[in-house]
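Q: Each chain is listed here by its residues.
2 protein chains.
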Amino acid sequence: MTNLAALTNHQIRLAARPVGLPTRDGWSFTTEPVVEPGAGGIVIKNLSLSLDPAMRGWMNEGKSYIAPVGIGEVMRAGGIGKVISSSSPKFAVGDTVIGGLNVQEYSAFDEMSIKRAGITKVDLRIGSLTQWLNVLGMPGMTGYFGLMDVGQPKAGETLVVSGAAGAVGQTVGQLGKILGCRVVGIAGGQAKCDWVVNELGFDACIDYKGGSVKDGLKAHCPNGVDIYFDNVGGEILDHVLARINKKARIIICGAISQYNNTTAVQGPKNYLSLLVNRARMEGIVVFDYADRYHVAVNEMAGYLKAGKMKSKEDVVVGLDTFPETLLKLFNGENFGKLVLQVAAE
Amino acid sequence: MTNLAALTNHQIRLAARPVGLPTRDGWSFTTEPVVEPGAGGIVIKNLSLSLDPAMRGWMNEGKSYIAPVGIGEVMRAGGIGKVISSSSPKFAVGDTVIGGLNVQEYSAFDEMSIKRAGITKVDLRIGSLTQWLNVLGMPGMTGYFGLMDVGQPKAGETLVVSGAAGAVGQTVGQLGKILGCRVVGIAGGQAKCDWVVNELGFDACIDYKGGSVKDGLKAHCPNGVDIYFDNVGGEILDHVLARINKKARIIICGAISQYNNTTAVQGPKNYLSLLVNRARMEGIVVFDYADRYHVAVNEMAGYLKAGKMKSKEDVVVGLDTFPETLLKLFNGENFGKLVLQVAAE
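Chains A and B are the protein sequences, given in the same order. So the number in the working numbering is just where the residue sits in the first sequence, counting from 1, plus 5. So the number in the working numbering is just where the residue sits in the second sequence, counting from 1, plus 5.
In isolation and in its complexed conformation, chain A is listed as follows (with noise of 0.2 Å):
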């Protein structure tokens, strides 16, 4: 067992609600002493952390499907670490977990709180470290269930994709591959755009900071759109409202374009297009499927040990790092899933 004592926890706090996009001076940087957390308890030396755009949404106030975090508390994250400190019969000193780990360098939960968190052992021979924060993680989740169970796809169906070579794009336009779909991302830049295609397998992918959305969909989708995949919201969600299909299944997952408005939200005022097109638009939680999480690492695991599905992570090292490395979700500079790596293995 590691001596405890002698270790120092790092950690970032909320220190204000942010007006916009959340700055370095938002956060608060503190230290604590890591403790022994009682019987029945384990101790995680966190290695990576996975930075999502939902973690801006945690940041306000407000009700929503999970309860924001508090000024003063440790921000929220998911993460993947080692355990050193254990007297859980249900972990062993050296397992790999993952879980709620929250942005600091070690976690401590007592018995109650480890289910509460969510602290999961994971197998790393079915993915890498970085594969279970990306598609074996929440965002492969996200991606699964908004797809299989919103989505609904069939084959020969368009699927279209925003946000194409984040996290949860990327499993989503990879999946629609393997189950015959004409994938169409909507990426920043020729670099994504060409690696979904290239790489991914993408059928065409629109770079909205190069061009047109609008064209770029009448040229892509020529049979229209059944299937919209919405991470980003804003006026990308009105372009494909326009060409939607009969029928058509949108799934709102996210409108990063939105999250660090300090104006309103932009309604879809293309959103009676859903009544032209009996359309319909649905969100997705990715926890609701918790039960079933288990169905959908197996699935991709297969994929992956297959060659049929590919993953790119884009790494930051340090946790002083986190403000900054952050605020790329924001500006579209990260090139896949980000990650914050807080210590080597």
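It cannot be assumed that every hint is accurate.
Copies of the same chain are indistinguishable here, so a pair counts whether it falls within one copy or spans any two.
[Unchecked claim] Simulated pairs of lysine-lysine, PhoX-like, Cα-Cα distance not exceeding 25 Å:
1) 333 <-> 317
2) 313 <-> 120
3) 274 <-> 219
4) 219 <-> 182
5) 159 <-> 252
6) 68 <-> 251
7) 274 <-> 251
8) 251 <-> 313
9) 159 <-> 182
10) 274 <-> 252
11) 182 <-> 313
12) 251 <-> 120
Bear in mind the hints are in silico, worked out from the structure with no lab data behind them.
Once you've looked at the hints, dock chain B against the given chain A.
A: Using the frame of chain A, we list chain B on its own:
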């Protein structure tokens, strides 16, 4: 048989595509002789026409769920009339029929166009002329299939319906009560609100002209909103989105607040409530359910007969009043299903 040669058919044609509200100068008033339609055809003397918000959409150019009315064409309208001449084996002189009769005094159909116009016989023993344009007609079918198929109501759920005193709204709310829902209407003016509560049995009704819809929803939907049947769009849709429950269903039937906009449609800025609540917004077009109209008609006729359902029609007399009568829909002056009586029986 009537002597057709003695008759003149007064018609109202779309003269120009309206910008904003469709005013009298956008219509042309023409006359034509009534001519025998040939073997297998029928001539109908039109009695009452159904005036509906959807008509505004049919006047616009562009792709929709139905082709726009062409400039110079007789305005499209559903209606009910009496067969005055027939060489069709399916219809006898004296039959009362319903279908696409358009805004004119007489409608002649050859064998092929009888089907295209959806002309069918109606049984006046199960509903009056105006009920056949209301709860047993298109508005009733729209309310029935929108609520049942898209809304999927369960007893004990809270159902909110806008345009509550209108043709679709009165059907939806009364069906909701029959199914055991808590039903809250939204309508314009105290008289309409009193009527839907006192006569139709809604649990409450919010007068959007007399107070805050937001406060009204808070007061009358203490357990949130499970189903919202939307006929109006605009700000009211946003207010309801702010109060929906997990897995709520929003039926997009219309958006009368937006039909005469000269600027862009107001998109629902609270649409991310769909994400937070894993809720669904879905459009409905009644024509999709044509093969099941008879099921709904039988069910609703049963409710009418049993006194479980009432109906109210707002009947205006005179073909020539059509332009101004239609506007009653858009300023909310109609009280009940708006009917234009072209001829007495």
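Q: Classify it for me, residue 313 with residue 120: is the Cα-Cα distance of at most 25 Å met within a copy, between copies, both or neither?
A: Neither: 33 Å inside a chain and 51 Å across chains, both beyond 25 Å.
Q: At most 25 Å between CA atoms: does that hold for residue 159 and residue 182 within a copy, between copies, both, or neither?
A: Classified as within: same-chain Cα gap 11 Å, cross-chain 38 Å, threshold 25 Å.
Q: Under a CA distance limit of 25 Å, which applies to residue 68 and residue 251: within one copy, between copies, both, or neither?
A: Result: close only across copies, 12 Å inter versus 34 Å intra.
Q: Have a look at residue 274 and residue 219 and pick one of within, between, both or neither, based on CA distance no larger than 25 Å.
A: Cα proximity of residue 274 and residue 219: in one copy and across copies (15 Å, 21 Å).
Q: Using 25 Å as the alpha-carbon threshold, which applies to residue 251 and residue 120: within, between, both, or neither?
A: Result: close only across copies, 24 Å inter versus 43 Å intra.
Q: With identical chains treated as interchangeable, where does the CA-CA distance between residue 333 and residue 317 reach 25 Å or less: within a copy, between copies, both, or neither?
A: For residue 333 and residue 317, only the intra-copy Cα distance (15 Å) is at most 25 Å; the inter-copy one is 59 Å.
Q: Checking residue 274 and residue 251: alpha-carbon separation at most 25 Å within a copy, between copies, both or neither?
A: Answer is both: 18 Å inside a copy and 24 Å across each meet the 25 Å cutoff.
Q: I want to check one pair: residue 251 and residue 313. Are their C-alpha atoms no more than 25 Å apart within a copy, between two copies, both, or neither?
A: So residue 251 and residue 313 fail the 25 Å test inside a copy (30 Å) and across (35 Å) alike.
Q: Taking 25 Å as the upper bound on the Cα-Cα distance, should residue 182 and residue 313 be classified as within, between, both, or neither?
A: Answer is within; shortest intra-copy Cα gap is 9 Å, inter-copy 52 Å.
Q: When Cα atoms must be at most 25 Å apart, do residue 219 and residue 182 count as within-copy, between-copy, both, or neither?
A: Classified as within; 23 Å inside a copy, 44 Å across copies.
Q: At most 25 Å between CA atoms: does that hold for residue 159 and residue 252 within a copy, between copies, both, or neither?
A: Classified as both: same-chain Cα gap 12 Å, cross-chain 24 Å, threshold 25 Å.
Q: Using 25 Å as the alpha-carbon threshold, which applies to residue 274 and residue 252: within, between, both, or neither?
A: Both ways: residue 274 and residue 252 sit 19 Å apart in one copy and 23 Å across, limit 25 Å.
Hint check: violations occur at hints 2, 8; the rest are consistent with the structure.
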